[in-house]
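> Residue 183 in full-length UniProt numbering sits at position 183 of the first sequence; the count goes up by one each step and never skips.
If you're looking for bench data, these hints aren't it; they were derived computationally from the structure.
Among the hints, a few may not be true.
What the hints assert, rightly or not - With a straight-line cut-off of 30 Å between C-alpha atoms, the simulated DSS-like cross-links for lysine-lysine are:
(1) K130 - K107
(2) K29 - K107
(3) K189 - K99
(4) K95 - K222
(5) K275 - K222
(6) K346 - K285
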Amino acid sequence: MLTIDEILSRGVSEVIVEANVRRKLNAGKPLRLKLGIDPTRSDIHIGHAVALRKMRQFQELGHTVVLIVGDWTAQIGDPTGRDESRPRLTVEETKSNAKYYMDQVFKVIDPAKTEVRWQSEWFGQFDLEKAFGLIGRFTVNQMLAHETFRKRYEAGQQLTVLELMYPMLQAYDSIAIKPDIEFGGTDQKFNILAGRQLMEQMGMESQDVILVPLIIGTDGRKMSKSFNNSVDILMSPNDKYGKIMSMGDDVLPVYYEVWSDAPLAEVKAMSEAIKAGSVNPRDLKMQLARDIIRQLDGEAAAAEAEAEFIRVFQQRDLPTDMPEVALSEAANIVDLLVSTKLAASKGEARRLIDGGGVRLAGEKISSYDSLVQPVGEQILQVGRRKFVKLLGN
RNA sequence: GGGUAGGUACCAGAGUGGCCAAAUGGGGCGGACUGUAAAUCCGCUGGCUUACGCCUACGGGGGUUCGAAUCCCUCCCUGCCCA
1 MLTIDEILSR GVSEVIVEAN VRRKLNAGKP LRLKLGIDPT RSDIHIGHAV
51 ALRKMRQFQE LGHTVVLIVG DWTAQIGDPT GRDESRPRLT VEETKSNAKY
101 YMDQVFKVID PAKTEVRWQS EWFGQFDLEK AFGLIGRFTV NQMLAHETFR
151 KRYEAGQQLT VLELMYPMLQ AYDSIAIKPD IEFGGTDQKF NILAGRQLME
201 QMGMESQDVI LVPLIIGTDG RKMSKSFNNS VDILMSPNDK YGKIMSMGDD
251 VLPVYYEVWS DAPLAEVKAM SEAIKAGSVN PRDLKMQLAR DIIRQLDGEA
301 AAAEAEAEFI RVFQQRDLPT DMPEVALSEA ANIVDLLVST KLAASKGEAR
351 RLIDGGGVRL AGEKISSYDS LVQPVGEQIL QVGRRKFVKL LGN
């Protein structure tokens, strides 16, 4: 089990107020750990999961996670880091997203030590009087001090009053569930601190804060679906393995710090060894990929994904299973590529042939009018990753 | 309400009557190389057609013209400034 020192430093960017957190941890009482989840986006990637992993460590010490489904804030959309307003979600979308979200979250945290609460429990019967009471405790000046809002305001971009409500609602969640510590990414600092302020104003003991770093994507940019550099929790183990292997060498230490339990000193040494060229980053990536998948999908899946990766990508061998297509009569290669969905159109099929990317039984195809005969089993391959097994008569 | 700038392919963004299936970058795909699906380099990137060519596409609709992403009318949408 990790020590308190490790828990509070490893993969953590900031603890506010650290002395309080230590005091609470040493008091021996189960703590309530708040995490707001935003059921806006559907897929959680291993960047989001850093906070979850941290909370898991707390759970192992006997503390309770309180997951707040932000079904009201989701209707606003977290403005943090956004340079434009987000479309509002419908109630139905929020509900189905939330369920999908839960399925993923519980791959990391322990459901038995988790309490799930919905914002609608307290906001559902909020009336205007209560709303005034909440809004009245914040100032426009304060909101404009938040970089996200200020930038947009100063740039003359649209900034709705509704968006200003987001931090206030998130803050009020803390009034409703009385957490000891709130967790979030560093980008959540403003919102979480608003909760501290509100609790104090309303005569409660303020929550403390643990901020975790925003993990960077496999290409070194911020991890995000739209950059195609994320490793999603629900991806198949094989895909996760490949994604992790494709990360740039320089981001490797960051992942190690956050996702492995190897001692920090070891991670540091590793980072230097990579720079010095005395170690092959590939091997470290393989170890990391296996470790992450083991945590999310279990040891067996991790071992299998690794074996598959070695087979297909390192030895350029064939995958263990691939789609099978029956071939009853000779077919033109271009048509076949389209009908097996290896190419999206005939034009694309021809381009792939031109580019030398099409192989039948290991032989490169170079002509559009090659005929494929229906003899036995043949592997039709596009690029290094797409295979179809053709079954002849 | 007044003024003004815009809406172009997956995204960003050029193009302002023919040389435009539309520059460039990103993304994606393919190839080479490698230590890995890192990095680097090269190619491709609407559909049909083995080619000629045809069709679809520059917010919607209509028009001018031999010819329109480009000009005109109209409608829809968005940003900004002033109130």
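> Would you mind marking each hint as holding or not holding in the structure?
Consistency of the hints with the structure:
no., hint, result
1, K130 - K107, "37 Å, violated"
2, K29 - K107, "26 Å, holds"
3, K189 - K99, "26 Å, holds"
4, K95 - K222, "27 Å, holds"
5, K275 - K222, "22 Å, holds"
6, K346 - K285, "38 Å, violated"
Checked against the numbered hints given earlier, the structure breaks hints 1, 6 and satisfies all the rest.
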